[in-house]
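Take these sequences, add in the hints, and give me the full structure.
First to last, the protein sequences are chains A and B. Counted the way the numbering used here counts, the first sequence spans residues 1118 to 1281. Counted the way the numbering used here counts, the second sequence spans residues 62 to 1233.
Hints listed in this document are in silico derivations from the structure and should not be mistaken for laboratory results. On a predicted model such as this, the values are computed, not experimentally measured, just so you know. All C-beta atoms in this analysis are idealised placements derived from N, C-alpha and C, irrespective of residue type, glycine included. Some clues are possibly wrong.
Here are a few chain B residues that sit away from chain A, every Cβ distance over 10 angstroms (derived from the structure) [what the hints assert, rightly or not]:
no.	residue
1	121
2	404
3	809
To give an idea of the interface, some chain B residues facing chain A are shown, with a C-beta separation under 8 angstroms as derived from the structure [said to hold, decoys possible]:
no.	residue
4	762
5	867
6	876
7	878
8	879
9	930
Okay, the calculated beta carbon distance ranges per label pair [claimed, not checked]:
no.	chain 1	residue 1	chain 2	residue 2	range
10	A	1159	B	623	48 to 56 angstroms
11	B	653	A	1277	47 to 55 angstroms
12	A	1159	B	672	28 to 36 angstroms
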Amino acid sequence: MHFKKYILCASLFGALLGLSACEDFLDREPLDKVTPNQFFNTDQHLADYAIARYNFSTKGGWGVGPIDDDTDTDDMVARTANFNQWVPERRLTSQGGSISFTTIRDANYFFEQVLPKYEAGTITGSEIRIKHFIGEMYFMRAWSYFEKLRSYGDFPILTKVLPD
Amino acid sequence: MINFQTKSLNISSVCVAVRKSIFIALLSLCGLNSAAASPQITPKVELKSTNITIQEFVNYLSKETGYSFFFKSDAIDTKQVISVDVESSSVNEALDKALAGTNLAYSITDKNIVIYEKAVPRVATQSIQQNTKTIKGQVLDQLGEPIIGATVSIKGTTNGAISDIDGNFAINVKTGDVIEVRYMGYQSQNIKYNSQQSLKIVLKEDSELLDEVIVVGFGTQKKVNVTGSVGTVSSKELASRPVNNVGQALQGVVPGLNLSVNSNGGMIDNKMGINIRGTGTIGDGSTASPLILIDGIEGDMNTLAPQDIENISVLKDASSSAIYGSRAAFGVILITTKSGTADKISVSYSNSFRFSKPINLPKTLSSDKFARYFNRAHINSGQAALYNDETLALIDKTMNNDWTEDEISKGYHTGTQPRADGKGWRDWAAGYASTDWFKEFYKDFAFSQEHNISVSGGSKKVTYALSGTFLGVDGLLKKGSDELQRFNLNAKVNVAINKYLNVNFSSRWAREEFDRPYHLGGLFFHNLSRRWPTNAVKDLNGHYLESSQVSHMKDGGVSKTEKDWLTNYVQIKIQPIKDWNIYLEGSHRTNSDFSHYNVLPIYQYDLNNQPIPISINENYAPGESRASEYAYKENYYTFNGFSDYFKQINKHYFKVMVGFNAELMKVRDINARANGLISPSVPTLNTATTNMYTSGGYSEWASAGFFGRANYNYAEKYLVEINMRYDGASRFIGNERWGFFPSFSLGWNMANEKFYKNYFGAFAEAVHTLKFRGSWGDSGNMNTKNWYPFYQTLPYSKEGSLWLLNGERPNTANAPGLVSSLMTWERVRQWNVGLDFGAFQNRLTGSFDYFKRTTLDMIGPAPEMPSILGATVPKVNNTDMESYGWELEIGWRDQINDWSYGAKLVLSDAQQKITRYPNVTKNLDEYYSGRMLGDIWGYATKGIAQSQEEMDEHLKHNKPTWGSNWGAGDIMYVDLDGDGIVSSGSNTLDKPGDRRIIGNSTPRYRYGISLDAGYKGFDFSMFFQGVGKRDYSLGGGYFWGATGTGSVWQSNGFEEHWNFWRPEGDPLGANTDAYYPRVALDGGKNTYSQTRYLQDASYIRLKNIQLGYTIPRHLLEKIKISRLRVYLSGDNLWTHSSISGIFDPEALDGGWGSGKTYPLQKTFSVGINVNF
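Below, the structure is given as structure tokens:
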């Protein structure tokens, strides 16, 4: 009977040991993908992230560009009045297009990741470049808000990344 | 009174009295499959009585020990009273003591005991001989080999005999007696004695016997004690099928195991899609394939040679597959390969030589009809005729072969000539050839062959099995070639080191090489279908025209794949004490896939015979060349440690098993390609110059699981099984990592109840096996498509920016996508009820199952979220589905004199219903709660309008919201909702307009019917497979021809399409009772999904027919051959289906549209099986 007890104890112990060893065995992170904690560690990472935010166009598609973009602003008046956007004294909220927060979120994500690392001094590379790209991202967020302001007027100010 | 006391009772041994060789084969099989065969315990007898007759004593012994008793002669006085006093004795001791004071003796063979008189008194013999006589006989199996130890008895008496080593026996009979011959593993036979001088009795093997042992998860079990739903396949059912892989041979064999042809059709390297009990998941996140284990280790069954398979178990319900945990939520297929047999060296060789022929190829319209058909399409769409009168005249000349000498000398009769404007060759609407493009590309017959050699044998300590197989298949392609070769090499060794320790080792290698033209793919099949018969194949200088695709196939480069699988497996089995087994198994499998393709420059030639580069497809500029290499390697490690213990207390039977399983998968790949080959004859990366591209990476997953199973049964009457599994998967992290999955099942062998025989009388006599069973289980599915679903990764692109900085495109990085905080396992719950029965001495056997499987929390579309989130909303587990259906299997097997015959029907059904889906509006373009998978929505059709008046009248109350210029020959759709117009409403379930569910494309009532018969050395079998009900809504040019397509370039012209509507007096002949509406390139106003064109895709197909002859043994003995069978075998020889003749009912899917795929084939084969 003792013998059986030993076996029982040994196997219970083994199972417990197994379970904790299992956790190590089962921890498998992606091997060929960049995960957030491997990124924003060098000035080049910041550069790659910042350049991707310049995804607006200076000239849209087949249009003639800025000349036409000024149509219906107080810089330029088109031959036909646009009552969709402009009524006397006031600009209406755009009826079409999406209210995209993508750039704002991208910028906030950048700040959440980069600023603590910057303050801790763990980002390698040129201090000037690091500051430059942080500055660029502040600009991108401000630019995005400026665009929203132009389109919608009041707009929620977000300085954090929202969870789902 | 007699006081019977028993200490220990007969133990049912799993392998009792099976013929010696089979017995040993089974034992070693059990061993290799971690079998926990219940051990053979010598029954102990305890009895004290001074007042018992021999008959009573024998009855008692028989009941308690399981031995059968026979009295050699009726003259024995069974009423003789004896005195017995035995305690904890063996049968031998008990008999020795009990018969000590009599003139009787006994002999034991296997489990049969014959009691005879030591010296038979002369007088008695004479008196017997007055009405009975002793005859001699021999018991043989179907191959003419003697059966040792068969029981021969006279029905209704205790008179009997046992066959000796040569199968001979002698027995006293009188005319009119019924002689019963029984042997385990064979069907019993009754013979009426009509004063024959001698008897020759041939017993037929019975694979359906319920004492059969079947392989279940981590062990084996007697079939009578199985409480889950398990289907089995024996090697016989796979034998001599001329198939390219195991999957093809399994179709229709097990009810509920569904195999179907995928969009690659009959491509020679194509493997069939497989599922158990229908679609398991519609989730974006996971797959629902069954887990396939080969000798206990996960593997690809299609890499095996069918000849190496001993048997297959299909674990269908939750309780039988639960022991494998979350890798096996949708069933398990356990494949056991052949092992060696002790004391019997067997060398066998088999081959087959095959000829394959494409089936169900569409028949293209002859050129004259084709041109007029397409002309009509153009004219009806308000365009000019496509073929002008001059070309039509040339086409008619081609059809009538009416050419002048001059034209023939110029070669114009071949279907092309220079264009009048000098800009190339006449083809398409200016062509006038008569080409059958399917014939141009597919051979009438392709040859293939298979050879298999195996050696097995061993001693009591060591058994081994070695085998090698070669399969060489030529594809059907005429232009360019497709070839498949498969090599298999297996070795299996089992060493019994001592009483306690047993080691198994096996090694399996398989290689598959497949070569094909690079262009052989979806685009080729698409183009092949829309090549006009008026196009010539070659220009007048003998070069292939661009439109022919021949240069693409012949010279446009090749794709070569070489895949290897090497599996090594070692198992140590320890038996510290009786009935306690410990198994430690480790295995490693490495797969590699090295693929190469090259694209070479191809040309057409102008009128001056100068080459013009052409492009092979839209990804390549004309004249572009490329070499591409892909290398993939997979390392897969498994460890299993488990232990089982068996205990029997009186009629209580306990078995427990606990274990641990760990798996680790590591894969890596490298992909490289470059363009601009220096020379097309050296298509390698080293000799390519431009557009270098490389990629490559690594991935891993791991899983670990603890499992336990407890079985209990009482006298094989009441059966209980409980399974538990605690599984962890690397794909899930944090609190989600581990899941607990329980299941249980119950069984009741009603036929073992006393009341059954008492109350059911004749029914119980006939139906001697009747078992009810039920099971329930809960499991998770760890097979997520993404191996790292919980990890955020940063999308990073090389040179991803659209801006140039310092003349270069910078790399870009983006914020990682969101992973839902609510993400969790997909769960699968299933219950199953079923019954098994056997009747008429197991001549009739069958089983029935009903199941319901619920797949919960599948990953569905992302929910709506405020855009303030600023990112793509992550997908969540928000979808449920239900799958339900039933399975039926009925078999009949009997023997009448030298004739043996059998029939088997398997029939199954499964359908799926979405029970939760985030589609609030119930938009019909998506799933919605309550939708049956495969539902086809469509309009009701009244018919084809015969006149403008009829159409106008119809349109008054049934005007479609689409289309214009409705007239004679157009479809009349019916307004069902009474609003006067035919519309799709708001395209929701509540407002579907005039659409209804007109059919369902889920294959229902899948069946397989096998019939076989044997007479002496001949064997014959037929196997039909089919689907009982299936609707299909076909679309595209393949089905509609030129009707409703946007342009002639996407149209087809097959013979079926000629059956289009033409009014009275039409120059092409009236066809008012047409199948298709009038032909017009009108964008499809007539081709909406509708009742008229809904196809009945059910079919029955003669999957295999086989005739074999086994040459009598005595003719072969001199040449040292123990068995030689020659056979003819044919696959897919006959099909019946009501579906449109353009299509094969099994190959409806094509990458580029219905039917556009590699044709399936019928195969004729001839071969031999030899055993030395």
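Against the structure, the hints:
{"no.": "1", "hint": "121", "result": "holds, 36 angstroms"}
{"no.": "2", "hint": "404", "result": "holds, 37 angstroms"}
{"no.": "3", "hint": "809", "result": "holds, 33 angstroms"}
{"no.": "4", "hint": "762", "result": "holds, 6 angstroms"}
{"no.": "5", "hint": "867", "result": "violated, 12 angstroms"}
{"no.": "6", "hint": "876", "result": "holds, 4 angstroms"}
{"no.": "7", "hint": "878", "result": "violated, 10 angstroms"}
{"no.": "8", "hint": "879", "result": "holds, 5 angstroms"}
{"no.": "9", "hint": "930", "result": "holds, 6 angstroms"}
{"no.": "10", "hint": "1159(A) / 623(B): 48 to 56 angstroms", "result": "violated, 41 angstroms"}
{"no.": "11", "hint": "653(B) / 1277(A): 47 to 55 angstroms", "result": "holds, 48 angstroms"}
{"no.": "12", "hint": "1159(A) / 672(B): 28 to 36 angstroms", "result": "violated, 52 angstroms"}
Of the numbered hints given earlier, the model fails hints 5, 7, 10 and 12; all others are met.
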